[in-house]
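Make one complex out of these two single chains by using the hints.
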Amino acid sequence: MAVAIEQLVRQLWRRRSDLDEWIVVEQDAKRYRRDVGGREARSHAERRGVTIHGFHDSERGRGSASVTVPDSDFDIGATVTELVAGSRASAGPLWKLPPPAAPARVEVGDAAVTAGPDQVIDAIADQLGGAAPAGLAVARASIFADVITRRAVTSHGFDSRYTATRVTIDAVLVGASGAEQPVSLSVGRAADLDLAKAMERAGRLAVMGSEASPVPSGTYDLVLPPQAMGMQGGGILAPFIAQADGTLVRQGLSRYRVGQPVFADAGGKHISLSSDGTTPYAEMTAPFGELGEPVRRFDLIVNGVAAGVSYSLREAALARVTPNGGTRTLVLATGDASPNSLLVPSDGRAVLQAHDIAWVDADPASGQLTVGVGLASLIDASGPRPVSGAICIGNAFTWLARATLSSERAAWGRYLGPSHIRIGSVHVVGEDPAPDGQSVKITGSLR
Amino acid sequence: MAGSSPAWLPLLGCGGGQSPTARSGQASAGRGIGDIDSLRDVLRQSVADLRRRFADAYGWASLGRITELGVDEDEQTVATATSHSVTLAVWAEGGWRELRSSDASVANVRQLAARLDSLAAGATKPSEPAAAPSLVGSEPAPAIDPRQLDMRKWLERTAELFERARALGTSRVVYRRASLTVEDADELFIGHGRDYAQRCLRSRAVAGFVVFDGTHLVDESAVRAGAIGLEALDIGEEDLSRAASSAMARLTTRIAPGGAHWMLLDPSVAAALIRHAVVGAGAVRSDGEARSALSVTDDPTQSGAFGGYRFDDEGWPARPTRVIEAGNQVGRLTDRELAERLGIARTGNGRRGAPDEPARPWPSHLVVEPGSANGGEMMNELGSGFLIESAIDGAIDQAGDRLAIRARRAREVVKGRTTGRSYGPVVVAGSARAMLAAVRAVGSEARPSSWRERHGSGSIAVSASSPALITSAHLAGGG
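So the sequences go chain by chain: S and L.
Under this note's numbering, the first residue of the first sequence is numbered 1, with each subsequent residue one higher.
Under this note's numbering, the first residue of the second sequence is numbered 1, with each subsequent residue one higher.
For the record, the hints were derived by calculation from the structure and aren't laboratory data.
We treat Cβ as the ideally placed atom computed from N, Cα and C, and that holds for glycine.
Be aware that a few hints might be false.
[To be verified] Taking CB as the label site, the calculated pair distances span:
id, chain 1, residue 1, chain 2, residue 2, range
1, S, Leu343, L, Asp239, 48 to 54 Å
2, L, Ser118, S, Ala333, 21 to 27 Å
3, S, Gly348, L, Asn380, 39 to 45 Å
[Said to hold, decoys possible] Derived DSSO-like pairs: lysine-lysine, alpha-carbon spacing no greater than 30 Å straight-line:
id, chain 1, residue 1, chain 2, residue 2
4, S, Lys30, S, Lys197
5, S, Lys96, L, Lys125
6, S, Lys30, L, Lys125
Just chain L, same shape as in the assembly (with noise of 0.2 Å):
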């Protein structure tokens, strides 16, 4: 599985500077969470008593915890972060007025209550919502449920996966580690009429190799991620040998040819060009002129998803929404503010950083509609080109189109094979509309990948299944 390391280095524990906000007190996940019952209870009796006398209200909440393991030669450590979040809403003096906290007890609750219901009612009403669509998707069913396994079971197993990860490679690695960050939270929206529960469990394992010649440090990782449990520590062989081989292999690469380019992007290559560009369809739209091969939905429903979920972050039942239709962005993913704000429909793709903050609109799960090609095939469609390969990150301009994704590794293609010559790392940069319309075939076998981005003073865990794809960018060296 393809998933884009972050910056190797915060699995050292490092890397990117210390700000004076502690990461305390973050998102969710774990054993024992909390007394959701009466949570439940006393939040279904507050939006009752507060919609007497305001046109509405509602009410969400989260009882979750991350836990964090990492193992390497030197250490093994273990953090746990419980997060427990509560709002309670109502529409008064012509708008929402919201109260967050931290503090999910009964009586604080019910204090959040008191407050909002000391102000005055006004005399408007919000726009009739749309009526929602009902909840759909299944709850997680994992293998190896973390509520009930002990934290010194979760440990033992992370270090098992370090020692197979340590038993390969030659001594050029110098480094590996093993992580297993997992989340788990249970949540609850209470309003507009729905009364929904569902429980958010994801965990993701990661086993990295680091090789270093003195100057150059570079990493590769195998990943595996989804909507389970500590089965997500279970990284195949092959994918850990993969994984190995790779990072000693890109020593030996050069500086790529600079220009445009035709190209076969790996799974993790045309995964990441699908995130970004589908944020980026935030602001642009095409005009429905491309006819490419390909077509993306953003699916929070589908089962064991690392990204999905059942209702989003402001309890509006999740649906699949096409975002990509033959090469054209025609899917807008909304929240409630956005999709009010012009006045079309709700995506069920509000999603918050950290519990405590207020939702934005943003990808789920997006799943590439895969093609019919075989990896045969499509070298053999590529002809004359670069096959891109172990995606890195990148970046979009959100008011435009400008997109850039760096890549480990970059293959001459000539007739349908590989010369030799590789290249990395690289860069694939240009017009998100271009690239998308300019994809020609779409591979047959999808692979996954997982990424959490930080949003705002958290993260969101964003996933997607994507098969390879040829398309046509600029090719660049990093250096």
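With the rest of the complex left out, here is chain S (with noise of 0.2 Å):
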């Protein structure tokens, strides 16, 4: 791999008559599956690439291609070539790049997956049987152990890398009935694989499941568990992480203007949002983003108020601002209330507790959502009852301005925050009859 990249960077300062400047990125992925229970199988697949970003300026400002290609078996020469072609045939405003940056210093990489990725999925494998809680088996799982080494080299004299690590587990587990529950977990180091925590979790869901009625459509104050802010892509968060995004920024097609309310009606003041890339072996976290550039901590919305903008190394040059990597972990202030107080009805309205969310659908342009909530809790004044069913439509913008946030944290994915986010007066549509009172009967059953 070492070999290539160097032949590559000689080429291209050859080439600096028709390459202003450069960035290659070379990435070496492994992964090591192994899938148990049912049918036994093992893979390995490994994944190596160059991507090489060329710029060339011009009286039409700058031109800019990248071409990605295999680190192995790839000619050199026509590489290059071909990015000269396709960034003279570009054109765009004209930027710079950088100087050099240290990266962040962060750890991302287990050593124990690095060295041995089939002995520790074995060992997890080896755990698995025994894990399941009362009532549950271990139907199928697969287990992966990924390891991914990256470097970057720039015209401009930064060379660094890193490897980082990730261990996944999917499984499904069976009850008597048949019914299926799902876990699913993912760590950057091994040793902070609960697998006990995500167990008894499971098996909560599944009593919940075979307990739950469907929920009755309405309105209701929702409550929102960290998995909804930490699904991939950023949850209910989605629109903020869009909206910060420093192309648009420029564009003018943000409603993001640092210094200005980013809610409606200047609302919204309890709510502060940071980015940080630094946190240790987080789902986010890097030395340094896509091209190279620093991964650094800012500021999204600080009581209420745009703070930050997500620059990637271009935005950040034609900002002229220093680049952070862009948004990694978000970081959600937390508010002061108990989570038990979250959960009391008021105002005449049931209180729904979401345990598991089957999806969050969030436009990152208008903030307009769908939250699928696969089981939660119906809490009234007779008490809290399992429920099922329920999505919940709404505005990720006017949700999060009126929303009360508890003051205990939790984590998920890539969100670390309030454990329970209460959101007064959310639409539920719940399974209702059909209009015109015809009555839509569809019997089915659960494979």
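Spelled out as structure tokens, the structure:
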């Protein structure tokens, strides 16, 4: 791998009359997988590639092109020629690479996983069978160990590399009735894998699922768990990530104006959100970003006011600011309310406490969103009872502006913040009869 | 053509945060991709050699490239990702042992074979797979083959689309963009008595319009996609004009009245409903009590389909599979693992998000059987309710049956005519099974839709051909 990149860099220097600046990013990703229960299988996959970003300046501005090739078996000369052709054909605003900055000092690679991924996987597989909660058994599971090495080299002299690891379990538990309960967990360091906690949660959800009845449509006070914010893409925080993007802000297409309120009617003064790409072994942590830019902590919102923007290398150069590597782990400031106080019905509305989020579908531009709640507790004057199938509809910006945040903190995926977030008066679609009094009756079974 | 715009923001090259794992090395397409003939020869040899020691063996390979071009007022960009992948697998020690690599050189294939050869063969054999059907369907026949055209020409043609878009809409349109994504790959599968090759060519062109009133960002796109070449950029004037007008019209809408209603879903919304319901059909089956007007087939063999192919990513020949019959979910899309686990037939729907990832069952090209009613007749059939237009996106609970589709607009309809009141954005939500079972009319004019769905570390191309539908569901204003 190192030989190829050195040869490539030499070729790029030779072509400096054609390319004013360049960035080379090399990635070696290895995935080790073992499937247990049912049909046993093992696989090793490796993906090695080099992405070259080339920039050519002319009277038309800066032309940008990128070419990604496999790390081996590629014609360096032809690849660079293709890159030159692409950058000469394209055009955009003029900008320059900033001076190289030191990568963040963060822990992302677990030595145990790097040294012996198959051994780590086998150790987990050995624990799995005995970890299932009472009444459930592990029907099947896939265990993954990922080892990813990245190196970035720029024409300005930046040259750095890191190795990150990830251990993931996707399992399915099955009960005596045949009902299935999925369990998923993913950590950067094998020692942080808390199988017992994940299994305990799965057991609780399995019991709830067996007792749950369909939720009636109505207006509820919704209490969201960390899962709703930590899902891939950012969950209900996805619109905030998108609106803070440097490209949108530069083009005037974002509701973000640094120094101005993010929420309508200057609400949401209790909302402070920041990005932190330096939490050890977290999902989004990295020493440097996609183009070698440093990853830094920065504020997105402070007391309801836009405070910072996510700057890639290019957008930072255009804005003449320091790049920050983009939004990473989202840290939401906690509030004052105890978690229990957020579960008390008020103003004649029941509380819907979500325990398992099926999906969050959020429109990054408008904030419109739907949240599918697999399992929840419906808490009213008569106490809590398990319900299923709630579809919550609203807008991420209006929700957060009126949310009440717990004082306790929890983490999930790329989220660190209040363990409970209560949003008043949320429209929930439950399972109701069809219009015109017609009853659309469908029976079905969960396989 | 309707296509749910992913977030518009990725078209701007932003949005959604940045992951520490770069997007490099993803899927496929392009010119001069690689020496497929040498790769085929070494795969054949390797699989034959491995079969002498092991009960079974196979090889799968992809040499491809994805090229993305974007043109807006300020800039033109080009990004090309070449991705090669080879998988060799043997049945050893009671299960499949697979090695996957992005290095598809002859030397590396031999090294992978040598690593597998060092495993203990074991005494057990895999269960005999059912005999595979023969390969059907035809190779893509693009009018403008990307492999024959210089990159400068690609950019020129994309810029032409941008110029056409720029001429449309008023000053309220604050941003326009034209983009083209071409995925072009040569794929091989050797094993189980099969020796297949196919070219997978998919092109998707988008012309987008953004209207911004200082608070709300409203976008609409005109899309053309298929197993076609650069002719994807020839989006019709009517489609472009419709997208520009729709973006501007949406600023005047209001929040929809909630509740259960009968709705006429335009082809894009109908396609989004079908696509998510079929994905959800992986978990939930109906018991055949429904008698609706809706029948849907997953058909990867349809010529020109964006989500189509001749054999899936596990080397199983593609075939049409009936998934919905009279409103009942009847078919189950499978890959090898799911078919074996459930003891049902393989349908050739094993699909990978990235060439180096394992396959999972996923739809390909969904075809809704058209009805006989034209647009006016559908409005009369609806009577009173809402016309739902321009799907944005949706989601389904894969463990259950709950579904929500977001759309840009709903128009009130009374006695078969629009009243002039419109609402947006809106959400159509409820039980997927109930919505499918309640379909009481299907239009006669199908329109294509296409998506690139995030899947693992990559994406999967899916498409649909659907006319408008009338069904009942819960309508809510998205705010």
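Restraint check for Lys30/S with Lys125/L, where alpha carbons must lie at most 30 Å apart: The given pair, whose Cα atoms are some 29 Å apart, holds under the 30 Å limit.
Outcome for the supplied range 48 to 54 Å, where the beta carbon pair is Leu343/S and Asp239/L: 50 Å Cβ-Cβ, so the 48 to 54 Å window holds.
Straight-line alpha-carbon gap Lys30/S to Lys197/S, limit 30 Å: The hint holds at about 28 Å.
Beta-carbon spacing of Gly348/S to Asn380/L - inside the hinted bounds 39 to 45 Å or not: Holds: the Cβ-Cβ distance is about 43 Å, inside 39 to 45 Å.
Lys96/S paired with Lys125/L [C-alpha distance capped at 30 Å]: 61 Å, violated
Consistency of beta-carbon spacing, Ala333/S to Ser118/L, with hint 21 to 27 Å: 55 Å, violated
Hint compliance for this structure: hints 2 and 5 are broken, all remaining hints hold.
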